[in-house]
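Fit chain G to the supplied structure of chain B, relying on the hints for placement.
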Amino acid sequence: MLYTNLEHVTSREQLQQVIEENEKVAVCCGRMGPMCIPVYEIFEILRDKYPDIQFMDMEFDSPDAAVIRNLPECSTFRGLPFTVYYRNGEVVKATSSIQTAKQIKDIIGEVFA
Amino acid sequence: MSRHFDLIIIGAGPAGLAAAIYTARAGVSTLVMDQSSAGGQVKTTHQVANYPGFVEPVPGHQLATAMKKQAERYGARFELAADISAVSLTGEEKWVEADGERYQARFVLIATGSSPRLLNVPGEIEFKGTGISYCATCDGEFYTGKDIVVVGGGNSAMEESLMLLQHVNSITVIHQFDMLQAEKITADKMMQHPKVNFLWSHEPRGFAKEGEHMVVTAQNLKSGELVTVTRDGVFVFVGMLPNTGLFREAGLQTNAYGYLVTNDAMETNLPGVYAAGDVRDKRYRQIATAVGDGTIASLEIIRKL
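Sequence lines, in order, name chains B and G. The first sequence lines up with residues 1 to 113 when you count with the numbering used here. The second sequence lines up with residues 1 to 305 when you count with the numbering used here.
Chain B with its partners taken away, still in its complex shape (with noise of 0.2 angstroms):
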């Protein structure tokens, strides 16, 4: 249980719906722990920011999960949390461990420009 301010992803149906229905999705797969807490709360922070893109988060132990974890982005990925960045149903950039605001703003700068 992810206890964020942000919409959970809760299935890969509802991440393929979020994807097809969104230009700009950013997607931050973790658990409660001290590398993921300070991604989660930049991505709140940065919903006010960036309103034209939607911030979310999904379990990593979920099972559906599964759809984030076997993404070939992600395949060397040693570190909590995978945060994966998707436009127009597209993976355009995924990151593997804690990110700091500065990072995460630079790659919206990148990918969602």
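A hint or two may mislead.
Straight-line Cα separation of at most 25 angstroms, SDA-like style, residue types lysine to any residue; simulated pairs [as the list claims (entries may be wrong)]:
1) Lys105(B) x Asp99(G)
2) Lys282(G) x Leu252(G)
3) Lys102(B) x Ser115(G)
4) Lys93(B) x Leu80(G)
5) Lys102(B) x Glu72(G)
6) Lys102(B) x Arg3(G)
7) Lys49(B) x Glu79(G)
8) Lys184(G) x Leu165(G)
9) Lys69(G) x Asn50(G)
10) Lys69(G) x Thr100(B)
11) Lys49(B) x Arg73(G)
12) Lys93(B) x Gln17(B)
13) Lys69(G) x His8(B)
14) Lys49(B) x Ser29(G)
15) Lys102(B) x Ser88(G)
16) Lys209(G) x Pro72(B)
17) Lys105(B) x Thr244(G)
18) Lys69(G) x Gly53(G)
19) Lys49(B) x His4(G)
20) Lys102(B) x Pro122(G)
21) Lys102(B) x His213(G)
22) Lys49(B) x Ile84(G)
23) Lys146(G) x Thr172(G)
24) Lys102(B) x Glu126(G)
25) Lys304(G) x Glu72(G)
26) Lys102(B) x Leu80(G)
27) Lys69(G) x Asn5(B)
28) Lys49(B) x Ser75(B)
29) Lys93(B) x Lys184(G)
30) Lys93(B) x His213(G)
It is worth saying that the hints were derived from the structure and are not from the lab. Nothing here was measured: the structure is a model prediction, and the numbers come from that model.
Same frame as chain B, but now just chain G:
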């Protein structure tokens, strides 16, 4: 929206939040800025068991959220995930620039805390999250049954290593000294553990990847000889550094390790500029001591306004 405040607090960890609770409650217009979310290191602490007032351990993020809400309740304003680009701490009016806006105040409290020290060797940033980790509880499971390197020999390194031993097949500890700096009870557990071996008096000089494996190049600090250690992953725990990069040119007095020097009232050498919490030169760095620092600084500022 006004960008002029009585007090700007840079850093939203326990020191900054405690100060904000006091000043906002006293009617001091207070802005709290942070480059990340609120909570500092507390929000990344799994369980806090030694902060007074909680019979059972409290998740760090919960404690941090409560502190922030308490400050907000009294009217403190927050600018979080702010890209702070410049500060001016001299003169009657100080200012902080973030995300293209300039915020002004008579008083500034620096409560930026400290962060895990990086090794700053080639490959460290490149392989973060894909072979190099900084958190045993988060990433240990990815190395179940694997052989890993731990860099560091202090308390946090050894405590995290004991956690990692629940998952991994073996640990090679690379440490710059020829003995562990961790507390004896923790060090003894590591020294006696059959899955642990040590590379004493060595320091990493670089990381590379060969297929799925990490290759650590380490230097013998006595002989200068370079050796390579190939394992499945690397965990780095080499202490903390004060977050003072923003203030490098500000004229603040620091100790030899870069921590800000203050008097007992948390005043720095610059008039109207205070420092509190882990960023300050002091012996003990705990949530409770950070809260104490923040409280003292805020009371001083309230008194002077």
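For each hint, the structure was consulted:
{"no.": "1", "hint": "Lys105(B) x Asp99(G)", "verdict": "holds (11 angstroms)"}
{"no.": "2", "hint": "Lys282(G) x Leu252(G)", "verdict": "holds (16 angstroms)"}
{"no.": "3", "hint": "Lys102(B) x Ser115(G)", "verdict": "holds (15 angstroms)"}
{"no.": "4", "hint": "Lys93(B) x Leu80(G)", "verdict": "holds (24 angstroms)"}
{"no.": "5", "hint": "Lys102(B) x Glu72(G)", "verdict": "holds (24 angstroms)"}
{"no.": "6", "hint": "Lys102(B) x Arg3(G)", "verdict": "holds (22 angstroms)"}
{"no.": "7", "hint": "Lys49(B) x Glu79(G)", "verdict": "holds (11 angstroms)"}
{"no.": "8", "hint": "Lys184(G) x Leu165(G)", "verdict": "holds (18 angstroms)"}
{"no.": "9", "hint": "Lys69(G) x Asn50(G)", "verdict": "holds (21 angstroms)"}
{"no.": "10", "hint": "Lys69(G) x Thr100(B)", "verdict": "holds (22 angstroms)"}
{"no.": "11", "hint": "Lys49(B) x Arg73(G)", "verdict": "holds (22 angstroms)"}
{"no.": "12", "hint": "Lys93(B) x Gln17(B)", "verdict": "holds (19 angstroms)"}
{"no.": "13", "hint": "Lys69(G) x His8(B)", "verdict": "holds (23 angstroms)"}
{"no.": "14", "hint": "Lys49(B) x Ser29(G)", "verdict": "holds (24 angstroms)"}
{"no.": "15", "hint": "Lys102(B) x Ser88(G)", "verdict": "holds (21 angstroms)"}
{"no.": "16", "hint": "Lys209(G) x Pro72(B)", "verdict": "holds (18 angstroms)"}
{"no.": "17", "hint": "Lys105(B) x Thr244(G)", "verdict": "holds (22 angstroms)"}
{"no.": "18", "hint": "Lys69(G) x Gly53(G)", "verdict": "holds (17 angstroms)"}
{"no.": "19", "hint": "Lys49(B) x His4(G)", "verdict": "holds (22 angstroms)"}
{"no.": "20", "hint": "Lys102(B) x Pro122(G)", "verdict": "holds (22 angstroms)"}
{"no.": "21", "hint": "Lys102(B) x His213(G)", "verdict": "violated (30 angstroms)"}
{"no.": "22", "hint": "Lys49(B) x Ile84(G)", "verdict": "holds (16 angstroms)"}
{"no.": "23", "hint": "Lys146(G) x Thr172(G)", "verdict": "holds (11 angstroms)"}
{"no.": "24", "hint": "Lys102(B) x Glu126(G)", "verdict": "holds (17 angstroms)"}
{"no.": "25", "hint": "Lys304(G) x Glu72(G)", "verdict": "holds (23 angstroms)"}
{"no.": "26", "hint": "Lys102(B) x Leu80(G)", "verdict": "holds (11 angstroms)"}
{"no.": "27", "hint": "Lys69(G) x Asn5(B)", "verdict": "holds (14 angstroms)"}
{"no.": "28", "hint": "Lys49(B) x Ser75(B)", "verdict": "violated (31 angstroms)"}
{"no.": "29", "hint": "Lys93(B) x Lys184(G)", "verdict": "violated (45 angstroms)"}
{"no.": "30", "hint": "Lys93(B) x His213(G)", "verdict": "holds (24 angstroms)"}
Of the hints listed earlier, those the structure fails to meet are numbers 21, 28 and 29, in rising order.
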